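Sequence order for the protein chains is X and H. For reference, each letter of the first sequence is one residue, going 0 to 421 in numbering that gives the first Met the number 0. For reference, each letter of the second sequence is one residue, going 0 to 410 in numbering that gives the first Met the number 0.
In case anyone wonders, no lab produced these hints; they're calculated from the structure. For clarity, every value in this text was computed on a predicted model and none was experimentally measured. Cβ atoms here follow ideal geometry from the backbone N, Cα and C, with glycine treated the same way. Don't take every hint at face value.
As the list claims (entries may be wrong) - Distance windows between CB atoms, simulated: (1) A214(X) with F42(H): 23 to 31 Å; (2) A214(X) with C147(H): 43 to 51 Å; (3) A332(X) with T21(H): 48 to 56 Å; (4) S210(H) with S52(X): 31 to 39 Å; (5) Y38(H) with R276(X): 42 to 50 Å; (6) D129(H) with A396(X): 18 to 26 Å; (7) A214(X) with Q221(H): 48 to 56 Å; (8) R57(X) with D129(H): 48 to 56 Å; (9) D372(H) with R1(X): 20 to 28 Å.
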Amino acid sequence: MRRVVVTGIGLVSAFGCDAETIWRALCAGDSATRALDDIDGNRSVRVIGAPVSGFSAREYIDGKSLRLMAPAVAYGVAAAELAARDSGRDFAAVDPTRLGAFVGSRGHSSDRQDLLAAVRLATENGHFRLDRYGAEGLARVHPMWLLKGLANNVLYFISLKYNAQGMNNNVSMGGVAGTMAIGEAFDAIRHGDIDVAFAGGYDSCLDADRLEMFARAGLFASADDPRRASRPFSATRTGFVPGEGAAMLLMESLDVAQRRGARIHGELLGYGNATGRSSSTAARPSAEGFARALEVAMTDAAGVTPDAVLAHGFATRAIDEEETLGLKRAFGAAAETIPAPALTSMIGYTFAASGAIQAAIALLGLRDGRLPPTINLFERDLACDLDYVAGTEARPASLTAVAVNAANLAGAHASLLIGRVT
Amino acid sequence: MQSERRRVAVTGMGAVTPVGSTIDAMWSSLVDGRSGVDYIRRFDASTFPTTFGAEVKDFDDARLPDDPRLRRVLDRKNSFGWVAAADALADSRLLDSPPPRVGVAIGTESRRPEMLERLADGDMYPAGDDHLRYSPFLVVGVLASHYCFTGPQLTVSTACTSGTQALGVAYDAIRRGRADAMLAGGCDSLIDPLMLTGFSLLGALSTRNDSPQTASRPFDLQRDGFVLGEGAGMLVLEDFDHAIARGAPIHGEICGYASSSNAYRITDSPPDGQGAYLAMKRAIEDAGLDPSDIEYINAHGTSTQQNDRSETTAIRRCFGAHALHVPISSTKSMMGHLVNAGGAVELIVCLLTIRHGVITPTINYEVADPECDLDYVPNVSRRQRVDRALSNSFGFGGINASVVVGPGLRE
Numbered sequence: 000m001r002r003v004v005v006t007g008i009g010l011v012s013a014f015g016c017d018a019e020t021i022w023r024a025l026c027a028g029d030s031a032t033r034a035l036d037d038i039d040g041n042r043s044v045r046v047i048g049a050p051v052s053g054f055s056a057r058e059y060i061d062g063k064s065l066r067l068m069a070p071a072v073a074y075g076v077a078a079a080e081l082a083a084r085d086s087g088r089d090f091a092a093v094d095p096t097r098l099g100a101f102v103g104s105r106g107h108s109s110d111r112q113d114l115l116a117a118v119r120l121a122t123e124n125g126h127f128r129l130d131r132y133g134a135e136g137l138a139r140v141h142p143m144w145l146l147k148g149l150a151n152n153v154l155y156f157i158s159l160k161y162n163a164q165g166m167n168n169n170v171s172m173g174g175v176a177g178t179m180a181i182g183e184a185f186d187a188i189r190h191g192d193i194d195v196a197f198a199g200g201y202d203s204c205l206d207a208d209r210l211e212m213f214a215r216a217g218l219f220a221s222a223d224d225p226r227r228a229s230r231p232f233s234a235t236r237t238g239f240v241p242g243e244g245a246a247m248l249l250m251e252s253l254d255v256a257q258r259r260g261a262r263i264h265g266e267l268l269g270y271g272n273a274t275g276r277s278s279s280t281a282a283r284p285s286a287e288g289f290a291r292a293l294e295v296a297m298t299d300a301a302g303v304t305p306d307a308v309l310a311h312g313f314a315t316r317a318i319d320e321e322e323t324l325g326l327k328r329a330f331g332a333a334a335e336t337i338p339a340p341a342l343t344s345m346i347g348y349t350f351a352a353s354g355a356i357q358a359a360i361a362l363l364g365l366r367d368g369r370l371p372p373t374i375n376l377f378e379r380d381l382a383c384d385l386d387y388v389a390g391t392e393a394r395p396a397s398l399t400a401v402a403v404n405a406a407n408l409a410g411a412h413a414s415l416l417i418g419r420v421t
Numbered sequence: 000m001q002s003e004r005r006r007v008a009v010t011g012m013g014a015v016t017p018v019g020s021t022i023d024a025m026w027s028s029l030v031d032g033r034s035g036v037d038y039i040r041r042f043d044a045s046t047f048p049t050t051f052g053a054e055v056k057d058f059d060d061a062r063l064p065d066d067p068r069l070r071r072v073l074d075r076k077n078s079f080g081w082v083a084a085a086d087a088l089a090d091s092r093l094l095d096s097p098p099p100r101v102g103v104a105i106g107t108e109s110r111r112p113e114m115l116e117r118l119a120d121g122d123m124y125p126a127g128d129d130h131l132r133y134s135p136f137l138v139v140g141v142l143a144s145h146y147c148f149t150g151p152q153l154t155v156s157t158a159c160t161s162g163t164q165a166l167g168v169a170y171d172a173i174r175r176g177r178a179d180a181m182l183a184g185g186c187d188s189l190i191d192p193l194m195l196t197g198f199s200l201l202g203a204l205s206t207r208n209d210s211p212q213t214a215s216r217p218f219d220l221q222r223d224g225f226v227l228g229e230g231a232g233m234l235v236l237e238d239f240d241h242a243i244a245r246g247a248p249i250h251g252e253i254c255g256y257a258s259s260s261n262a263y264r265i266t267d268s269p270p271d272g273q274g275a276y277l278a279m280k281r282a283i284e285d286a287g288l289d290p291s292d293i294e295y296i297n298a299h300g301t302s303t304q305q306n307d308r309s310e311t312t313a314i315r316r317c318f319g320a321h322a323l324h325v326p327i328s329s330t331k332s333m334m335g336h337l338v339n340a341g342g343a344v345e346l347i348v349c350l351l352t353i354r355h356g357v358i359t360p361t362i363n364y365e366v367a368d369p370e371c372d373l374d375y376v377p378n379v380s381r382r383q384r385v386d387r388a389l390s391n392s393f394g395f396g397g398i399n400a401s402v403v404v405g406p407g408l409r410e
């Protein structure tokens with residue numbers, strides 16, 4: 000099997016779109032979470048979120064393509080462009096049939112605004128009339144409604160822009176999607192299906208639809224000080240803070256990267272995709288699933304144990320406790336000596352983007368020998384008793400391999416092991 | 000590299016389709032060339048630009064699990080998926096002695112058929128709704144949990160190519176040693192006001208409202224778009240040696256897989272068929288075969304002007320002179336387009352073709368299109384031995400995938 004390295008990093012985040020700026024903010028323990036009154040002033044529930052900042056789509060994407068993109072789609076496509084620029088790669092020099100793309104996607108989405116005029120036209124005294132909708136309403140729907148919400152939109156725009164004709168996938172697995180996309184790209188390159196791939200994830204939890212859905216489910220954090228709302232592993236956590244963003248990596252086989260003299264950010268060492276055995280109808284994250292994904296990734300990496308883990312850190316009591324227990328199962332007594340900070344404390348939970356963002360940050364951590372902190376962790380949950388790098392400062396650490404953890408709300412788990420190339 | 004990899008057997012199959020909700024019922028409809036297309040019955044579509052579709056007609060709700068939470072979260076497409084999965088697992092007898100690592104990979108998407116009504120009454124998420132109902136990853140999660148799988152799970156959402164790509168993910172997971180067996184396939188349900196809107200506005204659907212049964216006519220000159228369908232196809236893929244050791248039924252073998260991208264337009268197929276050509280070529284190479292070894296192609300064959308022309312061009316490029324001799328047919332002529340489920344159901348059709356030595360037809364083929372000049376097995380099935388078959392899926396966003404299958408223990 001071939002070795003697989005990362006030669007480009009692209010990030011679109013609540014701390015902007017410059018990887019070094021984002022990395023410094025995370026290392027400084029900054030918080031990007033804030034009250035979202037400006038998104039919808041009429042909202043009865045005051046939602047705290049972590050919106051993308053400093054993003055100007057036109058810097059990365061042409062106007063014609065942008066018209067077909069929901070905001071989150073633009074994050075994904077922009078992150079790929081940032082990764083491409085960072086890599087310094089000449090894409091004309093790649094065999095297009097051996098250039099792939101693997102995207103962790105939020106899945107099909109639907110812009111309500113595109114449907115509202117048609118729905119209004121077909122609604123009479125509060126009653127929706129399907130016959131009238133079919134006859135008159137339908138033609139009022141935005142003609143590109145379906146394509147704007149196409150689940151594999153980001154994959155499409157990436158393949159178009161870089162002429163990536165090779166193996167691909169669009170993984171719509173919620174919070175594990177970005178992690179799995181990178182893992183699948185890793186497998187495709189090391190087994191020789193392709194030589195180079197874009198891989199990562201994008202998502203937004205901040206559109207009206209998602210906000211309403213999760214607010215109804217009662218999963219959002221609340222706090223007097225919005226900057227202190229995201230509290231993974233803390234006894235005082237109140238839920239998760241919805242975030243958004245994207246991360247894309249340019250991945251290449253080591254020999255291909257070396258041949259072009261590429262700067263190498265790090266190496267993919269292992270990928271684990273696993274399910275925990277929980278009660279028969281639960282389908283939710285479990286300690287066993289967290290442990291198994293890590294164990295599979297370590298076995299896949301020929302037995303490498305990570306020096307640190309970038310935790311999933313969803314920030315609900317049940318999932319934080321399962322993750323902690325999972326780390327203990329995977330590492331045994333060594334778990335106490337393996338720091339596990341949660342980026343979610345600063346940038347909220349970014350669903351399909353989260354694992355890819357963690358992977359990008361892991362690469363920067365490996366480069367600098369530093370781990371970002373878990374902020375807002377003052378009162379320890381007794382069941383969450385590992386070293387989460389609590390505080391507001393980065394910690395210097397000797398890092399040769401870092402794991403990233405992810406889970407989704409239906410009990411899928413994935414981990415990556417990422418190493419420094421020496 | 001090929002020799003290091005494990006072989007992958009198909010040991011279970013289940014399908015819920017517009018032409019039958021069991022493998023046997025589906026197969027006999029296809030062999031007889033029966034159309035599953037008719038006027039839409041699930042809602043009043045009489046004022047829509049297209050008034051017909053290929054609905055699943057004999058679905059039995061009683062086959063869903065009793066668990067109330069599962070009943071709440073399983074919508075129509077996932078209910079099809081659940082039942083097809085149960086049938087595939089039962090067929091395989093895998094759970095009698097499950098190997099340590101079983102996973103699940105499914106092509107599907109979130110669907111919100113009730114969205115228009117919800118927007119009208121202003122309440123998108125009524126109390127009591129479980130948000131997981133709207134998640135594309137719900138069905139893999141609940142299947143893995145219900146059957147106590149511990150292996151990988153993955154949902155693919157690449158529109159019309161999802162089911163085939165999910166099978167590819169599963170195939171790779173087994174041959175690369177990530178899993179010992181995988182439940183894999185696709186499920187979808189598109190016959191609702193919203194999807195009818197989306198596809199109508201793109202001009203993708205047939206509007207042959209006076210004759211629904213003849214609307215899906217792949218490769219015929221008078222084709223005018225595809226017909227929306229619904230259903231699910233699920234397969235159990237398994238490490239070949241494991242399947243042999245436990246005496247499992249072996250329906251066939253997955254021999255090769257590849258995906259590709261057109262890197263062209265979002266809905267249009269490239270005139271040179273490049274992406275489709277690449278997927279077929281690489282899948283055949285992956286199987287260690289030559290194009291001339293392929294004895295049947297289950298085409299994507301949507302019945303749109305563009306797809307069928309572009310696919311024909313791609314087949315000509317990939318197969319050369321053999322293109323004139325290889326029988327090609329489109330299952331969509333009878334059951335419409337199952338989108339996320341299509342590739343999985345069509346791969347099952349390929350396996351049944353090999354088993355029975357019968358090639359199912361492309362129905363409604365009346366007028367030859369000079370640009371589609373291959374052997375599409377028009378209108379009636381053909382008795383012919385087939386050892387190697389290829390299944391194609393191409394989707395919006397320009398994503399293509401092809402799978403090569405071979406016989407089970409016959410060789």
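Checklist entry - Which numbered hints does this structure break? => result 2, 4, 6, 8, 9
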